[in-house]
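Please put together the full structure from these sequences, using the hints given.
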Amino acid sequence: MLSYLLKRLAQLVVVAFIISVLVFLLVHLLPGDPTVSILGGNVTAANRQILLHELGLNTPLYHQYWIWLIHALHGNLGQSYLTHETVGHVIATGFPIDVELIIISQVVAFAVAIPVALITSRRPNRPLDNIATTGTFGLLALPPFLIAPILVAIFAVGLHWFPATGYVPFSQNPASNLHDMILPGLALTAGSIAVYYRLLRSDLIMTLQEDFITMARSKGLSNRRIMMRQAFRPSTFSLLAVAGVNIGALLAGTFIVEYLFAMDGLGYSIVQAVQQRDYLLVQGIALVVAIAYVVLQFIIDFLFTVVDPRVTRE
Amino acid sequence: MAAERNIRSAGVGGGLTNAFPGQAAADEVLAAAQVELVGGDDILAKRPLGALFWFALVWVALVAILAIIANWLPLPNPNHQNYAAINASPGIHHILGTDDLGRDLLSRIIFGARVSLVVGFASVAIGIVIGGTLGLISGFKGGRLDIALNAGSFVILAFPAIVAVIAIVAFWGQTLAKITIIIGVGTIPIMFRVVRASSLAFVNRDFVIAARTLGATSTRIVFREILPNVIPAAVSFGLITVAGVIVLEGSLAFLGLSVALPTPSWGNLISEGTANGNLSINPYILMWPALAMFLLLLSINLIGDRLRQRFDIREGLL
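Protein chains in written order, with our numbering: chain W, 1 to 314; chain P, 1 to 318.
No lab work stands behind these hints: they were computed from the structure.
Among the clues, some could well be false.
[Said to hold, decoys possible] Covered by chain P, per the in silico footprint, the following chain W stretches (three or more residues, Cβ under 8 Å):
#1 22-28
#2 84-96
#3 151-162
#4 253-260
Computed from a predicted model, the values in this text were never measured in an experiment.
Virtual Cβ for every residue (Gly too), placed ideally from N, Cα, C.
This is the structure in structure tokens:
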């Protein structure tokens, strides 16, 4: 099992490296450079050349990447061209926000999707199942930028239960930080609930037609026990894989929520940095996102071996 | 049922031993989609399309027709700012009211639908034509070409797409055609994987082998035997991608990267509805386009899902 996991880890690291190179190439090869944002109205050809030289942007690309990589391996990701904040600092303040948002949204998604799927899959196409399945279409049609303003209008502007924007940093007051994170977290959760529920439901329906379930029934096991102990585990394979993809997509995909709720997480930071051609910031954040993606996939792979030890064979 | 199980186990087993990490996951999505598409369908099979399906179809058709004939409708210019009627409530002169610049909301929504529909359907059409062709060839030929294309599609899908889209839109320009092409290129690897996965399921089926034994050319096998069987998966998955692309246009609008203002698009309208305190001053600015988009996404997803069920019945009859 260990060798299987190590092999997977090596593969994932290669992919993370390729992605970091591609992000580098993308932002550098597209026309436009940070001098326009930095110099503002003072852009002249001469000024630009001096600045490009100072920033080391007039050397060949492979050289720039090499310099950046060496520094990155020493823990130095450089600083933003515009704010002069160190990239490490931006990441240290931003990344926990993304992680917190993702955790809240995923905990809610699993807490809703799993019990509902366990209940409805026992009697497919009965009213309860139809209501839940139709409901997921509604959830799928509520992307964050639709549901976030609605949540704000109801719970912040209307009921004053939550703040409309902003948040208290976790280090200052964990309780009120968590409170402020609820609306943005919920805004991200709708799609996940729908995807997880639909997947688990259809897998459960298939598992419930297997012989070992008939066997368990004939032994007189209670429905509850059959669902929890026999049917659930073999039905979680696709769920795990899709959760991995979904959470991976959220890693840089929280930007709309961060924008709407005025939070400086990495999702919105990288979007801004791309627009301003703040190369070092883009590269640094992309690297962190890529590494987080690798770690996430590795955890999922590990969970696969727990759910179904057969995957390590071959 | 047994065949469907095989799809899934092929996806899982094949994926995990493949050279590309995370491909397991990507394959799994497809396998899962296929399972879901047939999941419990022996139970669902006899189910009629249902009233919801027809409501969905009517809504999509209505939006499409209004968007097409918008120029001939008795609507005010969507960009005309009527300062005498700022933030007007819904009424006789402005059926859905006006926004904070006095622009007619109904008119802006109908003209804005053009952007959402064109970006949504045209970009996925690009993805289906190019990605689908590559997927057919890749699935049919196999070998090195297949490995290379598959690896390429995986790397592109693992790339944070939004970063690429933002960077390219920002430098290339914010016209409808350009945004459609950029997003369309982005859907190529998705449609490639869908079509490849489902053509793989047919390459070794008896009717294909029979055609080959009868001396059919590769071209004929691909276009006459495999293609017709792949179309259902491509169309139903394509519809779901259309919904995803419409959402992407909305996200770009919040970053000011959808079609350039003041051209209305549903994304731009929703974005305007949340800006400048409009949420508390005049919630209609947000509410109408949000409702329109919600219903459109709901309808497209529903149609895609019901079509999947329908297509599978036919497949079962073959």
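Verification of the hints:
1. 22-28: Check passed, 4 qualifying residues.
2. 84-96: violated (count 0)
3. 151-162: holds (count 3)
4. 253-260: Held - the segment 253-260 of chain W has 5 residues with a Cβ nearer than 8 Å to chain P, which meets the minimum of three.
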